[in-house]
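**Q** With chain D fixed as given, assemble chain X onto it according to the hints.
Order-wise, the sequence lines are chains D and X.
Read left to right, the first sequence gives residues 1 to 201 (my numbering).
Read left to right, the second sequence gives residues 1 to 93 (my numbering).
Some hints could be false.
Stated by the list, open to error - Examples of chain D residues lying across from chain X (beta carbon under 8 Å, computed):
{"no.": "1", "residue": "PHE10"}
{"no.": "2", "residue": "GLU11"}
{"no.": "3", "residue": "GLU12"}
{"no.": "4", "residue": "ILE13"}
{"no.": "5", "residue": "GLY15"}
Claimed, not checked - Straight-line Cα separation of at most 25 Å, DSS-like style, residue types lysine-lysine; simulated pairs:
{"no.": "6", "chain 1": "D", "residue 1": "LYS170", "chain 2": "X", "residue 2": "LYS61"}
{"no.": "7", "chain 1": "X", "residue 1": "LYS4", "chain 2": "X", "residue 2": "LYS41"}
{"no.": "8", "chain 1": "D", "residue 1": "LYS170", "chain 2": "X", "residue 2": "LYS41"}
{"no.": "9", "chain 1": "X", "residue 1": "LYS45", "chain 2": "D", "residue 2": "LYS2"}
{"no.": "10", "chain 1": "X", "residue 1": "LYS84", "chain 2": "X", "residue 2": "LYS61"}
{"no.": "11", "chain 1": "X", "residue 1": "LYS84", "chain 2": "X", "residue 2": "LYS68"}
Said to hold, decoys possible - Simulated DEER-style distance windows between Cβ atoms:
{"no.": "12", "chain 1": "X", "residue 1": "GLU83", "chain 2": "D", "residue 2": "LEU199", "range": "45 to 51 Å"}
{"no.": "13", "chain 1": "X", "residue 1": "SER20", "chain 2": "D", "residue 2": "GLU12", "range": "44 to 50 Å"}
{"no.": "14", "chain 1": "X", "residue 1": "LYS68", "chain 2": "D", "residue 2": "LEU147", "range": "28 to 34 Å"}
{"no.": "15", "chain 1": "X", "residue 1": "LYS61", "chain 2": "D", "residue 2": "GLY172", "range": "28 to 34 Å"}
{"no.": "16", "chain 1": "D", "residue 1": "GLU12", "chain 2": "X", "residue 2": "GLN55", "range": "17 to 23 Å"}
Hint data in this document are derived by calculation from the structure and do not stem from the laboratory.
The beta-carbon is built from N, C-alpha and C at its ideal position, and this holds for glycine as well.
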Amino acid sequence: MKPSKLFNPFEEIAGAKALFFGFVVMLITGLTGYFSFTHFPDMISIKYIPEYLPLSYYFVQQVVIWLIPSLIFYVFALIGSSSSVRVVDIFGTMALARFPYIIAAVLGFSGSMKRFGDYLMALFMEHDTTATISTFDIVTAIVVMFLMLLLTVWLVALMYNAFRISSNLKGGKAVGLFIAGLFISIIATMLVNIWLYGLWA
Amino acid sequence: MEKKLPIMCPGCGGSLMVKSLYCESCETTISGSFSLPLFLKLGQKEQDFIMEFVQSSGSLKQMAKSLKLSYPTVRNMLDDLIEKITQLKTEDL
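So that you can see chain D by itself, here it is in the shape it has in the complex (with noise of 0.2 Å):
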């Protein structure tokens, strides 16, 4: 596979066929995000809460994280774009961008990340000088956030490339209205995640 597919498939895949896979992206995610315990609170964030939530939970999750900025994206493409814009290219290509979040739910397994909250937890807000971790955990915990922080960056990509090809935006209208649509996203699905919670919690 080409590096450029990594972060670009949508020249060869999109419409009904990038929904499906899309949605098998989001029901790995799901799934393994509740038994990793891996919480994706708005369209960007992956956070590990360890406290048991029903499975129905971790899917609505991916729905919201899935349709409130594929419909933000589809208004904006509507508004910038004199191309003839189809909702199921939007909606697949968004979906279909998800797939580096699945690594993100299996590296939510790695315990390291969960002692290393509880060991910053009790130094800084608890003041416990008692408090020990082993420089496994440290090293680990670092290498997580980091892998994290590149799968972000990952997402975003896709996500722009998404936007991009669905929409045939291109340059500064491009960029523009893609960072508006992803500010607007991570408000949107925040709030409403904050809600969800606590329906389920």
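**A** Chain X only, in chain D's frame:
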């Protein structure tokens, strides 16, 4: 090797005109100043795209399948081509 028809001047980048036409069978040469047809002012890839489009009976879905590209990618190529043709037509006026 198939020669490529130059459409831009290598010296200044301006549009080229046809100055003479030659008949291979009777060796007649016609001189004058003829502008290139719009189709020939397009690049090779764009000409190939138009040919493919016609051969696919204007179906972008069929074209996407044969080119192994997604539908929006092919539609974007067509939109860009329409824009270029409009631009060339405006320049000709």
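**Q** Hint by hint, note whether the structure agrees.
**A** Okay, the hints, checked on the actual structure:
1. A hinted interface residue such as PHE10(D) counts as satisfied when its beta carbon comes closer than 8 Å to some beta carbon of chain X; here the least separation is about 6 Å, so the hint holds.
2. Because the smallest distance between the Cβ of GLU11(D) and any Cβ of chain X comes to about 5 Å, under 8 Å, the interface hint for this residue holds.
3. With a least beta-carbon distance of about 6 Å to chain X, the hint placing GLU12(D) at the interface is held under the 8 Å criterion.
4. Annotation: interface hint on ILE13(D) holds; nearest CB of chain X at approximately 6 Å, less than 8 Å.
5. Among the interface hints, the one on GLY15(D) holds; its C-beta lies about 5 Å from the nearest C-beta in chain X, closer than the 8 Å criterion.
6. Distance check on the hinted pair: LYS170(D) and LYS61(X) sit about 23 Å apart at the alpha-carbon level, within 25 Å; holds.
7. The hinted pair formed by LYS4(X) and LYS41(X) meets the criterion: a straight-line CA distance of about 12 Å does not exceed 25 Å.
8. A distance of roughly 24 Å separates the Cα atoms of LYS170(D) and LYS41(X); the hinted pair therefore holds under the 25 Å criterion.
9. Between LYS45(X) and LYS2(D), the direct Cα distance comes to roughly 22 Å. Compliance with the 25 Å bound is thereby established for this hinted pair.
10. Taken as a hint, the LYS84(X) and LYS61(X) pair is honoured in the structure, with Cα atoms around 22 Å apart against an allowance of 25 Å.
11. The suggested pairing of LYS84(X) with LYS68(X) holds, with an alpha-carbon distance near 24 Å, which does not exceed 25 Å.
12. For the pair GLU83(X) and LEU199(D), the supplied restraint of 45 to 51 Å holds, since their beta-carbon distance comes to about 48 Å.
13. The hinted window of 44 to 50 Å between SER20(X) and GLU12(D) holds, with their beta carbons roughly 45 Å apart.
14. Taking the beta carbon of each, LYS68(X) and LEU147(D) are about 32 Å apart, inside 28 to 34 Å as hinted.
15. The supplied range of 28 to 34 Å is met by LYS61(X) and GLY172(D), whose beta-carbon atoms lie about 31 Å from each other.
16. Remark: the range hint 17 to 23 Å for GLU12(D) to GLN55(X) is upheld by a beta-carbon distance near 21 Å.
The structure fails none of the hints (numbered hints given earlier).
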